[in-house]
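Asks: Sequence:
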Amino acid sequence: MRKLALQMIDFFYPPFKRWFSIGTFRYLASGGITASSGIIAYFVIYNYVLHQQDVHLAGYLITAPIAALALESVFTFLVGFTLNKYLVFTQSNLKGRIQLFRYGTVVGTNILLNYALMKILIEGFQFYPSISKAFITILLAVFSYFSQKHFSFKVKKTKN
Numbered sequence: 002m003r004k005l006a007l008q009m010i011d012f013f014y015p016p017f018k019r020w021f022s023i024g025t026f027r028y029l030a031s032g033g034i035t036a037s038s039g040i041i042a043y044f045v046i047y048n049y050v051l052h053q054q055d056v057h058l059a060g061y062l063i064t065a066p067i068a069a070l071a072l073e074s075v076f077t078f079l080v081g082f083t084l085n086k087y088l089v090f091t092q093s094n095l096k097g098r099i100q101l102f103r104y105g106t107v108v109g110t111n112i113l114l115n116y117a118l119m120k121i122l123i124e125g126f127q128f129y130p131s132i133s134k135a136f137i138t139i140l141l142a143v144f145s146y147f148s149q150k151h152f153s154f155k156v157k158k159t160k161n
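Positions 2 to 161 (this note's numbering) are the ones given, in order, by the sequence shown.
Everything labelled a hint here was simulated from the structure, so no lab data went into it.
Fair warning: this is a prediction, and the values are worked out from it, not measured in the lab.
Beta carbons are placed, not taken as given, at the ideal position from N, Cα and C, and that holds for glycine.
Be aware that one or more of the hints could be misleading.
[Unchecked claim] Cβ pair distances, simulated, as ranges:
{"hint": "1", "residue 1": "LYS4", "residue 2": "GLY125", "range": "46 to 54 Å"}
{"hint": "2", "residue 1": "ILE40", "residue 2": "LEU140", "range": "14 to 22 Å"}
{"hint": "3", "residue 1": "ILE23", "residue 2": "GLN127", "range": "37 to 45 Å"}
{"hint": "4", "residue 1": "VAL156", "residue 2": "TYR49", "range": "38 to 46 Å"}
{"hint": "5", "residue 1": "PHE17", "residue 2": "ASP55", "range": "13 to 21 Å"}
[Stated by the list, open to error] 20 Å max Cα-Cα, derived SDA-like pairs, lysine to any residue:
{"hint": "6", "residue 1": "LYS157", "residue 2": "LEU70"}
{"hint": "7", "residue 1": "LYS134", "residue 2": "ASN115"}
{"hint": "8", "residue 1": "LYS134", "residue 2": "LEU70"}
{"hint": "9", "residue 1": "LYS157", "residue 2": "SER93"}
Let's have the full structure, built from the sequences with the hints guiding it.
Replies: Dropping the structure here:
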């Protein structure tokens, strides 16, 4: 399965060879797959699982869009981790549970940074929201790539 997925991703690599290494291209492809699957999952969860109905949980009301987002986030977290572990950062020799914890740490950091930067750019500097979001997405994608490469899926140097 891994081999087939890599062949499919690598098939589209040649036109981008000038700009990206194969590892970076695989990371971008995995991110695109994760984002796309998240959008589809959100649609399915919101419309067919929740039937656009709010959720009452332990005396609290969770609106259908937020409940769908929470469920979709769990799904995309797992998809993103799996793609990164098995397609992008395959050289890592860290234990899977450590990779998972570190991946979660980076994702959590990205969520907080996304929120903080949106507040700063939109409310603080009065930037246009869509432009701010696009800028932050690019910034956090770069941050996430290096964090995943050098932290979550780091290759430990072995002693000879």
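Asks: Which of the numbered hints are not met once you compare them with the structure shown?
Replies: 5 and 6
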